[in-house]
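As you go down the protein sequences, you meet chains A and B in turn. Heads up: the first sequence at position 109 corresponds to 109 in the working numbering, and the numbers run straight through without jumps. Heads up: the second sequence at position 56 corresponds to 56 in the working numbering, and the numbers run straight through without jumps.
Honestly, the hints are just simulated from the structure, not real lab data. Given the structure is predicted, the values throughout are model-derived calculations rather than measurements. Incorrect hints may have been included.
[Claimed, not checked] Simulated crosslink set (DSSO-like; lysine-lysine; CA at most 27 Å straight-line):
no.: 1; chain 1: B; residue 1: LYS24; chain 2: A; residue 2: LYS162
no.: 2; chain 1: A; residue 1: LYS110; chain 2: A; residue 2: LYS94
no.: 3; chain 1: A; residue 1: LYS11; chain 2: B; residue 2: LYS24
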Amino acid sequence: MGIVITVTSGKGGVGKSTTTANLAVGLANLGQRVVAIDFDIGLRNLDMILGLENRIVYDVVDVMEGRCNLTQALINDKKSKSLYFLPASQTKDKDILSKEKVKKLIDTLKESFDIVMIDSPAGIESGFEHSIFLADKAMIVSTPDVSSVRDADRVIGIIDAKSEKAKNGEEVEKYVIINRLKPEMVEAGNMLSIDDVLSILALPLIGVVPDDEDIITSTNIGTPIINKDKSLSAESYRRIARRILGEEVEFMDFTAKKGLLASLKGLFK
Amino acid sequence: MSFFAKLFGIKKSNSAKIAKNRLKVMLSHERVDCKLPYLDDLRNDIIQVIKKYTKVEDVRISTQNNKNVDLLEVEIILGK
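Based on the provided sequences and hints, a complete structural model is requested.
Here it is in structure tokens:
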């Protein structure tokens with residue numbers, strides 16, 4: 001039986017889909033059979049980040065409504081052969097999902113995959129509720145700014161209330177991913193630090209991803225950055241994937257490296 | 001901080017610190033409702049029970065969170 005990992009955040013635009021895509025690829029690269037599902041009904045996006053938008057025939061709602069088989073809707077990734085993708089529906093009716101149908105789908109997927117990764121929509125409405133409903137683990141993505149941390153805190157407070165696991169007396173394992181950290185700004189006292197965010201959210205940290213323009217480039221071409229060598233953000237994702245599988249991996253040190261040139265520049269700032 | 005900033009005594013920015021403090025204050029208020037989603041229902045039920053026996057004027061419910069204990073204070077104002 002596989003496990004369900006939901007990537008969520010509360011606030012939109014903090015990098016949920018990018019995180020989902022990279023971790024899904026990362027986990028598949030580590031030999032896991034992974035299925036990534038986009039639960040953002042009406043606002044499909046994970047397909048483009050994974051670069052699979054041209055292969056979509058059926059979507060998650062088609063499967064739930066019985067318009068196609070699960071195997072017809074699942075899209076195999078181009079590179080990672082043990083990664084499959086189930087796209088969100090572009091229907092305007094975002095309340096089309098129902099708990100029973102979601103449960104049936106997820107339970108079926110858990111039989112043939114090690115990891116079911118759900119990309120949750122922003123907000124705390126029904127789409128979010130469905131995506132957290134069957135989660136074993138929740139990855140809460142937050143950028144180090146007040147709006148994102150505040151919304152993350154709110155989401156953390158309601159995860160257990162909406163989860164089936166919590167109803168059975170268990171707890172959803174919750175972890176924080178700090179995204180788009182700018183070490184120079186933290187050092188200058190102008191951005192919440194990792195410790196600041198953690199002291200507020202009071203959850204274990206599973207990864208920190210530095211702000212990286214290359215992520216925009218890789219989204220442009222539809223290839224998650226995680227496969228790129230010599231990239232700090234890619235290495236961060238690779239380490240998070242290993243931590244998800246229970247490995248203890250050292251956290252990277254992002255303190256701004258000051259070479260001679262940077263020090264000289266600093267003089268004239 | 002750059003060399004010149006130090007030289008001219010320009011203060012290091014502390015906007016992150018301000019952000020942290022604002023968040024802490026804000027969240028200490030918001031967390032209360034979040035933790036007890038049944039608070040409104042509980043309040044209504046208590047009012048129903050008290051009404052059976054007295055002329056209740058107001059029921060004030062407040063919560064306090066310490067490190068180890070969550071406290072629920074119910075203050076029932078009966079009037080005279």
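Hint-by-hint comparison with the structure:
1. LYS24(B) / LYS162(A): Roughly 25 Å separates the two Cα atoms, so the pair holds.
2. LYS110(A) / LYS94(A): holds, 24 Å
3. LYS11(A) / LYS24(B): holds, 18 Å
Checked against the numbered hints above, the structure violates none of them.
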